[in-house]
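Asks: Here are the chains, one letter per residue:
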Amino acid sequence: MRYLPNTDADRKEMLAAIGVDSVDDLFATIPEKVRLGRPLELPGALSEMELVGHMRRLAAENVSLDECVSFLGAGVYDHYIPAAVDHMLTRGEFYTAYTPYQPEVSQGTLQAIFEFQTLVTQLTGMDVANASMYDGSTAMAEAALMAGRVKRKGERVLISEAVHPEYRTVVGTYIHSLGWTMDVVPAVDGATDVSALREALDDDVVAVLVQNPNFFGVVESMEELADLSGDMGKAQLIVACDPISLAVLKPPGQYGADIVVGEGQPLGNPMSYGGPYLGFFASTQKNIRAMPGRVIGQTTDVDGTRGYVMTLQTREQHIRRERATSNICTNEALNALAATVYLSLMGQEGLREVAEHTTQKAHYAARAIADLDGYGLRFDRPFFKEFAVQCPRPAREIVAALLEDGIMAGVDLGRFDDSLEDVLLVAVTEKRSKEEIDRLVAGLEGSA
Amino acid sequence: MTREGEGRKLQVKEPLIFELSSPGRRGVRLGPLDVPEEPMDALLPAEALREEEIGILGVAEVDVVRHFVKLSQMNHGVDTGFYPLGSCTMKYNPKVNEDVSRLPGFAHLHPYQPDHTVQGALQLLHETEKYLCEIAGMERATLQPAAGAHGELAGIMLIRAYHEDRGEDRDVIIVPDSAHGTNPATAAMAGYRTVEVPSDERGCVDIEALRAIVDENVAGLMLTNPNTLGVFDESILEIAEIIHGVGGLLYYDGANANAILGYSRPGDMGFDIVHFNLHKTFGTPHGGGGPGSGPIAVVPELVPYLPAPLVECNDDGYHLCWDIPKSIGQVRAFTGNFGVVLKAYAYIRSHGPDGLKAVSGDAVLNANYLMEALKAHYYLPFDRTCMHEFVLSGRWQKREHGVATVDIAKALLDYDIHPPTVYFPLIVEEALMIEPTETESRETLDAFIDAMIQIAEDAAEDPERLHEAPMHTPVRRLDESGAARSPVVCWQPVDEADASDA
Chain C
0 MRYLPNTDAD
10 RKEMLAAIGV
20 DSVDDLFATI
30 PEKVRLGRPL
40 ELPGALSEME
50 LVGHMRRLAA
60 ENVSLDECVS
70 FLGAGVYDHY
80 IPAAVDHMLT
90 RGEFYTAYTP
100 YQPEVSQGTL
110 QAIFEFQTLV
120 TQLTGMDVAN
130 ASMYDGSTAM
140 AEAALMAGRV
150 KRKGERVLIS
160 EAVHPEYRTV
170 VGTYIHSLGW
180 TMDVVPAVDG
190 ATDVSALREA
200 LDDDVVAVLV
210 QNPNFFGVVE
220 SMEELADLSG
230 DMGKAQLIVA
240 CDPISLAVLK
250 PPGQYGADIV
260 VGEGQPLGNP
270 MSYGGPYLGF
280 FASTQKNIRA
290 MPGRVIGQTT
300 DVDGTRGYVM
310 TLQTREQHIR
320 RERATSNICT
330 NEALNALAAT
340 VYLSLMGQEG
350 LREVAEHTTQ
360 KAHYAARAIA
370 DLDGYGLRFD
380 RPFFKEFAVQ
390 CPRPAREIVA
400 ALLEDGIMAG
410 VDLGRFDDSL
420 EDVLLVAVTE
430 KRSKEEIDRL
440 VAGLEGSA
Chain U
0 MTREGEGRKL
10 QVKEPLIFEL
20 SSPGRRGVRL
30 GPLDVPEEPM
40 DALLPAEALR
50 EEEIGILGVA
60 EVDVVRHFVK
70 LSQMNHGVDT
80 GFYPLGSCTM
90 KYNPKVNEDV
100 SRLPGFAHLH
110 PYQPDHTVQG
120 ALQLLHETEK
130 YLCEIAGMER
140 ATLQPAAGAH
150 GELAGIMLIR
160 AYHEDRGEDR
170 DVIIVPDSAH
180 GTNPATAAMA
190 GYRTVEVPSD
200 ERGCVDIEAL
210 RAIVDENVAG
220 LMLTNPNTLG
230 VFDESILEIA
240 EIIHGVGGLL
250 YYDGANANAI
260 LGYSRPGDMG
270 FDIVHFNLHK
280 TFGTPHGGGG
290 PGSGPIAVVP
300 ELVPYLPAPL
310 VECNDDGYHL
320 CWDIPKSIGQ
330 VRAFTGNFGV
340 VLKAYAYIRS
350 HGPDGLKAVS
360 GDAVLNANYL
370 MEALKAHYYL
380 PFDRTCMHEF
390 VLSGRWQKRE
400 HGVATVDIAK
410 ALLDYDIHPP
420 TVYFPLIVEE
430 ALMIEPTETE
440 SRETLDAFID
450 AMIQIAEDAA
460 EDPERLHEAP
470 MHTPVRRLDE
480 SGAARSPVVC
490 WQPVDEADAS
500 DA
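Line by line, the protein sequences give chains C and U.
If you're matching positions, the first sequence starts at 0 in numbering that gives the first Met the number 0 and goes up one per residue.
If you're matching positions, the second sequence starts at 0 in numbering that gives the first Met the number 0 and goes up one per residue.
Think of the hints as simulated: they come from the structure by calculation, not from any bench.
Hints are not guaranteed to be accurate.
Stated by the list, open to error - Keeping only pairs whose Cα atoms sit at most 30 Å apart, straight-line, the calculated DSBU-like set for lysine-lysine is: (1) K152/C / K285/C; (2) K374/U / K397/U; (3) K129/U / K32/C; (4) K32/C / K150/C; (5) K129/U / K11/C; (6) K129/U / K397/U.
As the list claims (entries may be wrong) - Derived DEER-like restraints, expressed as beta-carbon distance ranges: (7) G43/C / D449/U: 37 to 47 Å; (8) R34/C / N313/U: 28 to 38 Å; (9) D370/C / P14/U: 30 to 40 Å.
Remember, it's a predicted structure, so these values are computed and weren't measured experimentally.
Just so you know, even glycine gets a beta-carbon here, dropped at the ideal spot from N, CA and C.
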């Protein structure tokens with residue numbers, strides 16, 4: 000049997016040592032009534048060779064983005080992943096370890112996560128960060144719950160309509176359990192209506208949630224957000240952002256964010272049809288004990304050597320049980336390691352280069368598309384790497400037409416909102432060449 | 000015997016990556032920009048642009064690689080040695096599953112690709128759902144939760160949705176006193192009050208105590224079976240009857256499912272919701288603390304509340320169905336940790352029905368073999384046949400020699416063995432929770448037995464040696480209370496002016 004080292008001879012001797020006749024005897028404590036009296040109905044075992052063949056055939060049923068030119072984004076981005084990243088992730092010492100409960104033999108994971116936390120604070124302009132959340136959407140939902148712990152009073156959150164629709168659903172799903180309500184504040188011309196947010200504020204609001212750049216790619220007005228945060232009292236301003244954008248955009252710590260979260264996938268993690276990714280989560284020093292999730296801290300050992308441990312564990316479920324700040328246990332450590340290796344390889348200069356090339360290419364594409372007959376930019380707003388295109392016909396038809404030429408033209412926003420069925424969300428990263436962008440533009444022109 | 004770790008552990012001291020970085024160095028460079036370049040402040044408002052540096056200056060690729068290789072060498076993983084961490088199922092992670100997960104046809108798929116361009120991925124998700132339902136004895140499953148605790152949260156949300164839909168307002172979730180910490184934490188996060196039910200002298204749910212606390216306020220009970228003592232609760236059908244009798248639902252914490260594959264199914268035990276930890280039971284790697292995956296499978300009555308999307312199949316092939324009117328919503332963006340699910344799929348396909356049953360058979364055999372060999376040397380509070388794990392107590396060593404369980408755990412590190420889960424479950428004094436898994440050979444188990452016996456002897460003869468352990472790890476015992484008192488959670492550059500003052 001695959002992966003089982005015991006031989007029948009081993010089993011026989013081990014059973015004798017235990018004093019029973021058969022392996023099945025060890026299951027005698029399971030009452031007859033709840034035993035499965037038949038084999039599981041599953042396909043028969045495959046050899047390794049057969050499995051590889053089978054998996055290759057399944058993979059071939061998919062159109063990999065390597066086989067086409069992709070302008071898909073909406074929270075998941077096709078940035079270049081340097082080869083060294085995966086070589087580090089495939090170190091068995093990293094990926095076959097678990098949560099660093101025994102720090103003396105987990106310094107590799109602990110130090111890497113400490114580095115990750117540092118990188119997150121540097122990118123976001125915040126004081127402290129945790130070891131990762133499941134993804135950007137759950138990081139945002141946990142941030143809303145944390146706001147409740149910080150403010151202590153209130154059962155309402157305000158969320159911008161320009162936040163990713165799936166993130167809004169996740170936040171709504173999480174807070175519903177606590178009996179809280181979520182009000183969606185409208186976006187005007189693709190940007191959050193900050194004055195409407197201000198008007199909706201009252202004592203019952205624990206958190207205001209925005210995304211920047213927002214779901215439509217628009218860079219929100221940081222001045223207005225900073226002004227708003229000044230009026231919020233103890234309610235927390237939660238900003239979700241794209242980590243790559245932070246190489247060129249002002250960090251949210253500078254415009255009043257209390258909690259900064261986001262999807263870390265663009266930092267060295269493959270798109271992998273939706274996961275695994277990692278959420279990053281950063282906040283202010285005074286909020287540190289209200290944070291969810293694992294936090295790694297620096298300390299020394301008995302010989303005075305610098306080392307790292309899981310710290311502030313009295314916030315966590317295994318100690319605090321029903322009074323824990325979150326139930327999170329397993330997080331996304333290996334994805335956080337990928338982000339750490341990625342940022343180490345890039346350095347700030349490299350990350351800035353990625354962000355600048357991305358910005359330049361996105362704007363080149365937007366200018367060309369805006370010049371096409373029948374097309375236009377839906378919003379007249381500053382954007383980073385993603386923009387909404389007003390199309391002459393339903394975006395899903397355009398997506399289908401360009402797919403014939405091997406181009407994934409973007410995300411049809413009609414899938415989220417019927418009133419946006421003529422809108423295509425186009426994302427451009429540093430990976431897209433001028434020639435590929437020109438092909439997109441020509442394709443759009445041909446499908447007008 | 001000798002302490003195998005002695006004198007051969009790498010003593011690595013590795014600076015932080017920030018301490019290795021210097022201006023002008025780069026690991027990776029992009030090619031020249033091939034579109035006309037505009038000034039950045041012509042593309043974005045000047046006031047939106049970042050002015051200050053980020054922090055990490057730059058490191059050459061070779062030094063980045065050496066840095067992370069050195070860090071990896073400071074880790075203990077399943078690939079480096081025995082890892083009997085109870086309730087975590089640290090089994091061997093098949094290498095071929097790593098390889099197939101990296102095929103571009105899986106790794107380079109975007110979650111918003113049109114369904115007809117991801118038929119292979121959807122088929123894989125659909126089949127994995129079917130397999131998990133068959134293994135659990137359930138109707139449908141969602142693969143969206145990203146970890147076990149995340150599955151728990153989704154599951155308790157389903158319980159809430161079920162009661163709300165029936166117009167009932169219940170506010171209690173019952174958990175046993177032996178439960179994983181995530182259970183009560185989950186219940187609280189989902190807006191419930193937890194009520195604890197004690198264990199009886201056999202380590203199972205105290206049936207009379209349970210009867211005494213149930214009423215119409217009970218929304219559900221969370222239970223793992225076998226429980227955290229490694230004991231199968233024989234009264235499970237009675238427990239189910241009691242909870243169902245007051246209109247509550249039963250949640251199965253699948254952390255211990257490695258014990259029952261093909262032998263028994265939570266659905267047949269009366270459970271209504273099951274989560275599996277794919278990173279435990281189905282051999283996907285633990286990643287140093289994730290990514291995991293925590294699918295939940297449910298009985299027909301709960302299907303209407305599952306999170307969206309579900310994968311459906313019709314004559315046109317597979318598609319994502321987002322239209323689930325009574326759904327709780329979503330617990331995560333997109334379809335879940337696809338890259339983890341696919342390794343679990345590969346694991347199930349590699350084993351087949353007989354292979355999975357053999358997995359549980361050997362997991363239980365290995366645990367009983369260890370328990371039998373160690374119970375003369377360590378106190379065994381529940382002396383009965385165990386399932387995939389068992390719990391010893393260090394109380395003899397503590398009371399007679401002043402050697403605590405933490406000392407025993409640290410001593411194991413010098414043998415290149417990862418210690419068991421310690422001080423859990425909370426109902427056992429000085430607990431050592433041991434789960435060998437099925438992928439360990441008898442020789443490995445014997446070496447662990449020898450080490451544990453040697454440590455028990457050292458506890459009697461040379462307790463000081465154990466208080467000092469570990470001696471041969473990259474760092475020795477760390478000051479955890481100091482770390483929590485004044486937390487340093489990120490690196491700060493040393494201010495050169497301060498440094499020269501010092």
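Asks: Would you list, in rising numerical order, the hints stated earlier that this structure does not obey?
Replies: 4, 5, 6 and 9
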